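> Please put together the full structure from these sequences, using the hints given.
In order, the protein sequence lines correspond to chains A and B. Anchor point for the first sequence: position 173 equals 173 in the working numbering, and the numbering is continuous, going up by one each time. Anchor point for the second sequence: position 245 equals 245 in the working numbering, and the numbering is continuous, going up by one each time.
Computed cross-link-like contacts, SDA-like style, restricted to lysine to any residue with a CA-CA straight-line distance of at most 20 Å:
id, chain 1, residue 1, chain 2, residue 2
1, A, Lys-128, B, Pro-286
2, A, Lys-128, B, Val-281
3, A, Lys-128, B, Pro-96
4, A, Lys-128, B, Val-284
5, A, Lys-149, A, Ser-159
Quick partial rundown of chain A residues pointing at chain B, CB under 10 Å, derived from the structure:
id, residue
6, Thr-69
7, Leu-125
8, Leu-127
9, Ala-138
10, Ala-139
11, Phe-141
12, Leu-268
13, Leu-324
14, Leu-327
15, Val-330
Just so you know, these hints were derived from the structure itself, not from any lab. As the structure is a prediction and not an experimental result, all values here were calculated from the model. No residue lacks a Cβ here, since even glycine has one placed at the ideal position from N, Cα and C.
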Amino acid sequence: MTAFATDLIPGSRPETRLSRSLPGWALPVTTLAVAYLAVPLLATNYLFEAILLPFLALSLAGVGLNILTGYAGQVSLGSAAFMAVGAYAAYNFNLRVEGLPLIGSIVLAGLSAAAIGLAFGLPSLRLKGFYLAVSTLAAQFFVQWALTKFSWFSNDSASGVIDAPPLHVAGLTVEGPVGRYLFALTVVTVLTFLSYRLVISQTGRNFIAVRDNETAARIIGVPVLKTKLLAFAVSSFIIGVAGVLWAFAYLRTVEPAGFNLDRSFQILFIVIIGGLATIRGAFFGAALIVAFPLVLSRFGSFVLGDVFDSGVLDMSQRIVLGALIILFLVLEPDGLAALADRLRRRIGTVLRRR
Amino acid sequence: MEGFDGLFFLEVLVGGLLSGVMYSLVAIGFVLIYKTSGVLNFAQGAMLLFAALTFVSLTERGISFPLAFAITFAIMVVLGITIERTVLRPLTNRPPITLFMATLGLSYVIEGAAQLIWGTQVHGLDLGIEDVPFDVSGVFISQFDLFAAAVAATLVAVLSVFFRYTRIGLGFRAVADDPFAALAVGLRLPVIWATVWAAAGLVALVAGLLWGARVGVQFSLSLVVLKALPVLVLGGFDSIPGAIVGGLLIGAAEKLAEVYLGDYFGGGIESWFAYVLALVVLLVRPAGLFGQKRVERV
Numbered sequence: 001m002t003a004f005a006t007d008l009i010p011g012s013r014p015e016t017r018l019s020r021s022l023p024g025w026a027l028p029v030t031t032l033a034v035a036y037l038a039v040p041l042l043a044t045n046y047l048f049e050a051i052l053l054p055f056l057a058l059s060l061a062g063v064g065l066n067i068l069t070g071y072a073g074q075v076s077l078g079s080a081a082f083m084a085v086g087a088y089a090a091y092n093f094n095l096r097v098e099g100l101p102l103i104g105s106i107v108l109a110g111l112s113a114a115a116i117g118l119a120f121g122l123p124s125l126r127l128k129g130f131y132l133a134v135s136t137l138a139a140q141f142f143v144q145w146a147l148t149k150f151s152w153f154s155n156d157s158a159s160g161v162i163d164a165p166p167l168h169v170a171g172l173t174v175e176g177p178v179g180r181y182l183f184a185l186t187v188v189t190v191l192t193f194l195s196y197r198l199v200i201s202q203t204g205r206n207f208i209a210v211r212d213n214e215t216a217a218r219i220i221g222v223p224v225l226k227t228k229l230l231a232f233a234v235s236s237f238i239i240g241v242a243g244v245l246w247a248f249a250y251l252r253t254v255e256p257a258g259f260n261l262d263r264s265f266q267i268l269f270i271v272i273i274g275g276l277a278t279i280r281g282a283f284f285g286a287a288l289i290v291a292f293p294l295v296l297s298r299f300g301s302f303v304l305g306d307v308f309d310s311g312v313l314d315m316s317q318r319i320v321l322g323a324l325i326i327l328f329l330v331l332e333p334d335g336l337a338a339l340a341d342r343l344r345r346r347i348g349t350v351l352r353r354r
Numbered sequence: 001m002e003g004f005d006g007l008f009f010l011e012v013l014v015g016g017l018l019s020g021v022m023y024s025l026v027a028i029g030f031v032l033i034y035k036t037s038g039v040l041n042f043a044q045g046a047m048l049l050f051a052a053l054t055f056v057s058l059t060e061r062g063i064s065f066p067l068a069f070a071i072t073f074a075i076m077v078v079l080g081i082t083i084e085r086t087v088l089r090p091l092t093n094r095p096p097i098t099l100f101m102a103t104l105g106l107s108y109v110i111e112g113a114a115q116l117i118w119g120t121q122v123h124g125l126d127l128g129i130e131d132v133p134f135d136v137s138g139v140f141i142s143q144f145d146l147f148a149a150a151v152a153a154t155l156v157a158v159l160s161v162f163f164r165y166t167r168i169g170l171g172f173r174a175v176a177d178d179p180f181a182a183l184a185v186g187l188r189l190p191v192i193w194a195t196v197w198a199a200a201g202l203v204a205l206v207a208g209l210l211w212g213a214r215v216g217v218q219f220s221l222s223l224v225v226l227k228a229l230p231v232l233v234l235g236g237f238d239s240i241p242g243a244i245v246g247g248l249l250i251g252a253a254e255k256l257a258e259v260y261l262g263d264y265f266g267g268g269i270e271s272w273f274a275y276v277l278a279l280v281v282l283l284v285r286p287a288g289l290f291g292q293k294r295v296e297r298v
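Below, the structure is given as structure tokens:
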């Protein structure tokens, strides 16, 4: 398995002269510099609200699911439930604990999601493959039901709707789309960096060993049960924080129905399209998933005019999305991340020729 | 609750068992495909929606019942062959979970296409069966439910005979048992796959009509797949008897739980009860009640 080798030793990717001439941290640092400095100056409010904020939240959720599904090989169809747990936990911690800083609420929300993730990850100790995938649906339905049913979670608001509190970080109030963008960007950057450190550590290698062959992993001394549960906990933590961003930074008003099965599938699609077992992939996948409905609606109304109403748009979105999934699985199973690598190599070759 | 009303209990139980038959009907379609190609076909619900929607739209355009049935079946066969060509064949020898994700994508395509072609409005479907409950020594049983149960029983009988006595049916079982050995003795895998997807299309059509008559033909029809999954988990993905028994168990347990336990949880527990039940069973028997145990080799 070629992906296996490159996962294990990050430096062993077939390097081109272009990337060899640059240190490995150059690209992430450039991206971050652009994201922190250039984007706030250039982007419009629409860009923040409709594209960048959902992109950041979904990317983080994708990173979380990728740790579980891509690295540790446990398919989960309940990601949206863990997002919901994160969002509602952060709301309640913020509401009910006096003087708790926002960061505290976020960490506690992540830990709550991790605890729920652990509970629903327990079946993974006995179940594999499809049986496990189906059992994660239990999390999806149970959490959504509990949040709607028990109004305590939403402070007795109608049908479980919660409004995000004002965001205070270190004495500053985060306001407006730009502020929320920078806040979300910081959270995503920190967690992505930690995830990257995790997957290249011994723990990350254990994840991959369990994914590729559980029995073999057990024989060489990987603690399989502990590893699986850890994957569930870490992944749910990250997805939970993504849920906080979704609720607090992006939508500001959420209801349990927003975290439905379609959202879970959306996150799974992000991971598939972006590329399993790559941290970068989640960002590529999320970018595509967020941008493509907007592009499709513009394109559709341009080509078809009035025939292209919202109903038709909705349906054609489903068709194109489904077809994209199949196409990626057939033609580019390693996802956009692999595509990007190939592109970079090709550019490197062209540059070298000159 | 004061005193235990035995008759009421029986009525709930029978109602649950009969609605369980409806779950089994959907589950059988999954089992057919899982047995022969090892794919958990998430698109089964979408196929069900597509079949029911096509059938209803045809009858609404004045086409007679049997003809509409035949046309829809033909379309399902074409769909099965198309899926085999465009999705399954390029993905041969890939991990089962990849194939599962492909069927997820497929379900999006089919759902979208069904509604793009036939529209999104809710269609009523009248199969000409009166849904009047009749009285069996104090227990009321819905006539429609009995009809559904009879259809399911017939379907299972036909499928069993087909698998046991026909050449292509035996081919199915050979492929299910060992695809490589089946190829080696000259069975044509693509033909068998296309046939089995067509058969699953037929099951989807039958289930779609019965469910459609029950709840109306609309988008939510494709969500019955979510009802069938715990049934499959409970019975084992590769067992038709498992699908039947699992369906009956889930149907009965779900109704009884809703009636007798629902109050303690504040109602609405049917959205997750089946899953939790299936999970509990799985913790004891990881391959379901009737599923085959897999021996793992390094």
